[in-house]
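Construct the entire structure; sequences and hints are all you get.
There are 4 protein chains.
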Amino acid sequence: MGNSIGKVFRLTTFGESHGAAIGGVIDGMPAGVAIDLDAVQHELDRRRPGQSAIVTGRTESDRVRVLSGLFEGVTTGTPIGFVIENENQRSGDYGNMRDAFRPSHADFTYTSKYGIRDHRGGGRSSARETAARVVAGAMSRQVLALQGVDIYAYTSQVGNIVLDADYRKYDPGCIEQNAVRCPDAEAARQMIDLIEQVKRDGDTIGGVVTGVIKGAPVGLGEPVFDKLHSALGAAMLGINAAKGFEYGLGFGFAGRRGSEVIDCFVKASDGKIRTATNFSGGIQGGISNGEDIYFRVAFKPVATLLREVETVNAKGEPVVLAARGRHDPCVLPRAVPVVEAMAAIVMLDFLLQNRSSHI
Amino acid sequence: MGNSIGKVFRLTTFGESHGAAIGGVIDGMPAGVAIDLDAVQHELDRRRPGQSAIVTGRTESDRVRVLSGLFEGVTTGTPIGFVIENENQRSGDYGNMRDAFRPSHADFTYTSKYGIRDHRGGGRSSARETAARVVAGAMSRQVLALQGVDIYAYTSQVGNIVLDADYRKYDPGCIEQNAVRCPDAEAARQMIDLIEQVKRDGDTIGGVVTGVIKGAPVGLGEPVFDKLHSALGAAMLGINAAKGFEYGLGFGFAGRRGSEVIDCFVKASDGKIRTATNFSGGIQGGISNGEDIYFRVAFKPVATLLREVETVNAKGEPVVLAARGRHDPCVLPRAVPVVEAMAAIVMLDFLLQNRSSHI
Amino acid sequence: MGNSIGKVFRLTTFGESHGAAIGGVIDGMPAGVAIDLDAVQHELDRRRPGQSAIVTGRTESDRVRVLSGLFEGVTTGTPIGFVIENENQRSGDYGNMRDAFRPSHADFTYTSKYGIRDHRGGGRSSARETAARVVAGAMSRQVLALQGVDIYAYTSQVGNIVLDADYRKYDPGCIEQNAVRCPDAEAARQMIDLIEQVKRDGDTIGGVVTGVIKGAPVGLGEPVFDKLHSALGAAMLGINAAKGFEYGLGFGFAGRRGSEVIDCFVKASDGKIRTATNFSGGIQGGISNGEDIYFRVAFKPVATLLREVETVNAKGEPVVLAARGRHDPCVLPRAVPVVEAMAAIVMLDFLLQNRSSHI
Amino acid sequence: MGNSIGKVFRLTTFGESHGAAIGGVIDGMPAGVAIDLDAVQHELDRRRPGQSAIVTGRTESDRVRVLSGLFEGVTTGTPIGFVIENENQRSGDYGNMRDAFRPSHADFTYTSKYGIRDHRGGGRSSARETAARVVAGAMSRQVLALQGVDIYAYTSQVGNIVLDADYRKYDPGCIEQNAVRCPDAEAARQMIDLIEQVKRDGDTIGGVVTGVIKGAPVGLGEPVFDKLHSALGAAMLGINAAKGFEYGLGFGFAGRRGSEVIDCFVKASDGKIRTATNFSGGIQGGISNGEDIYFRVAFKPVATLLREVETVNAKGEPVVLAARGRHDPCVLPRAVPVVEAMAAIVMLDFLLQNRSSHI
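Residue numbers (my numbering), protein chains in the order written: chain A, -14 to 344; chain B, -14 to 344; chain C, -14 to 344; chain D, -14 to 344.
No wet-lab data here; the hints were simulated from the structure.
Everything numeric in this text was worked out from a predicted model, so none of it was measured.
Note: identical chains are not told apart, hence a pair may lie in one copy or across any two.
Below are the DSS-like pairs computed for lysine-lysine, each with C-alpha atoms no more than 30 Å apart in a straight line: (1) K300 - K199; (2) K154 - K257; (3) K300 - K252; (4) K300 - K257.
Below you can see the structure in the form of structure tokens.
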């Protein structure tokens, strides 16, 4: 259970990091959309290992193969099945992990829950699974673009390097200009320096991704349990290593008075009702209000350190692990396209759900 | 859509603040549990308006009437329907809100989404709906208690008054000893002073609730999309006025190195595998690991100010609103039992879901 | 689990026959529909006990009380909660059934499954629960009527009295002209005679209800697992005492050659593509094709006989049951409005689901 | 939407008959089951085209490739993704069907619903999709076998050749001894003769499959909407060409009196409570009662005739279709393993659902 997301637009994923392949099925894709598969592959390439010096050196080409649901390049309304073969399995690298429970990984919990675990490189709990989400997200973005919805994300914190202004200060066009996907060139340089330093130290570092959704129509969200931000939060928290989610002013609201942070309505020059400020983050009462939706996702440092760590094996015996394999010193750069993908999947689902709100 | 939560254990709620009644249906409650309805009513009383000087002065007795699913006091496995009549409707108080869009409320978004809105006191978007969640949560807690799971929450921040230690420092037995539900007596006093001050100012104030789940068995959570923390996060974010969620070290991870915050496994004196530290917050890979689960939920200040605010009506014309009625200056004290209820609902659902993990 | 039906338009019911009340929650009702509550009550009256000499003599007024989701008579898009109080509980009538397992009832299976059973009159397994479905169905019909969809059902067989022509021969306006709800006056008279005879014999009798859906737009149904007829079939089979479902020629297809029963397409005088015949029953490939949808539902004889029957109690000891209480000698007349209600619930759900089929 | 079945054990399928591949994802498979993939392939071979003279002459090897969810041959609790490549696409055969709407096929309804259709051989509406169901069913059977549940089906009617005794008269060991999968050798011979005759005539013929489930534990089924027979019915009706479903005495109940067909409880020699007869078909009140579950599924004649048929194209213009390609003259022999597969999928889902019925 638990391998599907969405109600009307629904993604189901499968696959372990070192099995034959990963992939997924998209059900509920509306018919009649011409899908640009090169753009889908481009998103996969943004998530791919080996793309820069600050991410894992593993090399996987991550080529997606679409098996169904498109006819002559256009969605048919039938489910879109797709697979990405696992090329670079090298499971020998992981042999010593068969019995050991790596600290802050899912080894112990998977083994405890299921009584069995594919120990090769994390198995199902590996972030490799997110490639399937990126495929579905990339297709969703293309549908959303037809409706005027645009989504982007960027790295806004790595360790103690923090972007101090809000998203409106940064040009999304600059995000892809550096390996860490930070739109501020100077901060990006510092983040990269920091990541290289922790890598040299055999260590890892946490951070924050900021996500932005522009152009969402008013009315998306299904209170009281499927509020738009609840679904966005669940989707973001479901990304590997995510530990926190906030939208609008988020935790910043806790220290504020109402008079400081209410968003008064005004009539805009085009006649539309808008809010003068947007502390709410584009969602009120769980429903989009037409303003920009923005949110932040906290990521912990990658748990695999390139140094010896003490832990126990399945018998509870102490063992020392010396991680081999190739690992990310910082998950942030590769998390950015996953955050975008999950946002797109959620937004498309709610766009379609909203079609039933009126007679 | 969106008025149900849970997969195997599932709550559906209904009701507007000023309609005839609110209520819900619980489906999937296991048979054979003797339910203490007094304990259920006690939880409702903790959420009830008018319980102290720092919450809204509205008075509702909030008596729950269970209509089905119990036979001679014991659950029968059939759905539990229940209603709470709305006694104190005084809808005249809200007459001037018929056309105005209150800032940072759901008036505009509901009207835009549905083309119609029950304008009396928030209608469906009113926090009154959470009483139904408290009923289901209170029953869930009783089932969880049979399994050794204990849940509590407390106010850990109001405005600039912040508890600086983590949950282990505070005695849950002290939470109910003050009106703000903060286990630190001195901080509680300061929080109450602050709330009284903002109330005098016709203003409101935000804060944070910390939730703790003790005794959860290893193995709860359904990766990859229904990770335990994703579901907890969605449930918490679905509470009125919630704007952020983090678990374990949460956003605190962003500034840390992996070597500082990995939770090494050790063999405990009872032979069980435990973690030496618990930065993870009791969940690894989306599955409970047997340690305490702890999380924080950020709440914005209540949007209704007892002062004049400028906004627009449905035609976009400027109007000045002078809130009447009786409103909470701070949502925190009454949010505590709702946080507990939502945690209980989620935990019971995952406890039952986990029954299918093995052959 | 299992007390909800529908995906986008979703009904959840609760209640036992001899508990405090039965009721339900409708989630996903589109906003903006003026609901005629008198028409809803009228449907309930058609299902009500005591309405004629050939149904059970129990008297329940079955007044529905809507608690939410309507504002000034119009749907608001929020869930519609409703209750019907149980007035005529007389549970003393059922005292001797506490331990006995009535033959062909659900006593044994409920007790076995849940370990506990509300033995009063069938509890949750009582057909009384279908009153909640009739409420939801009656509201659904009103929405469907706005879209030009019309639904009716009638008794087409009681025992050996069988209507031999298909639905097109009968005037739906005649259905309500007799107590058995058969549009053929002569057959109706025979059916009523037969029912009165079996009643005098302390016996019961089975039959068939035919359902007809006219005006359904082309395109409803979600292959491959939620084909329109699969959902209709599941809904009909979920009615108490239903034992079979067929649509179009149904089991009649088994003996036929393809050349006899294919429905060739033709261009109608209005330019629309139609089928020259309609053996398919208005659904092809699981999707409505614009022709009339028609189907038949088989009902077994009521299991409660007004004579002594031998069975066992929970210990397996032989007991003789002499049914008291008041029971239907034939479920057919009261099943007709339930068949209509379930058809309406399914059709509205699929009408809304279909809104996502295109971009 | 609509491409998933099951709640706790859930299959999602994808794929068109002439796309790259078909396949599916199984979510909710309990961990710890050693899966015999040869047995899975054997079930696929039973459904495969070209297996005998009375089915379509198309040749597809239908080799399943499992991509995930098994580790060293054992289920891990993670989703099982699998694909079956489409080898024999020959889409040229179907070129003349691009614009024509084949009578009693899904061409018209798919095109109307989605505005686009993969016209090659039925696309998604092709029975080829059922191969994915057979994979999931074959795995489900293996899990069910561990619980003592055994499932089989057989052809009980082809045209006017009808098995007149009930399932208890026939040896399931004889089913696979002939090409039509009928356990009565003489009837099988007549059925095969009839199928060969209709094939020579360029025609097709309908029939009935009987399904039997032995060893199901008491307690499976989730009233009131997910009764076991409702779910079985929906699953069976979702098979291509299925037009009717009945269980136990089914439509045969309509002509009977209660006194003839109630199933009295008795204490069996092993102390268990059993029913003396089993008209109910092993399900009472929607829940299995421990007796054999048996049901019948009606199939229409294959709609593709090997003769000229008149129909219209998308513009409504009359066209004459002369089917090419290779088609089944009778769907029954190949429907048998699909009926078994769907029964297994449903039964496993309900077995797992039932784990939550008690505390």
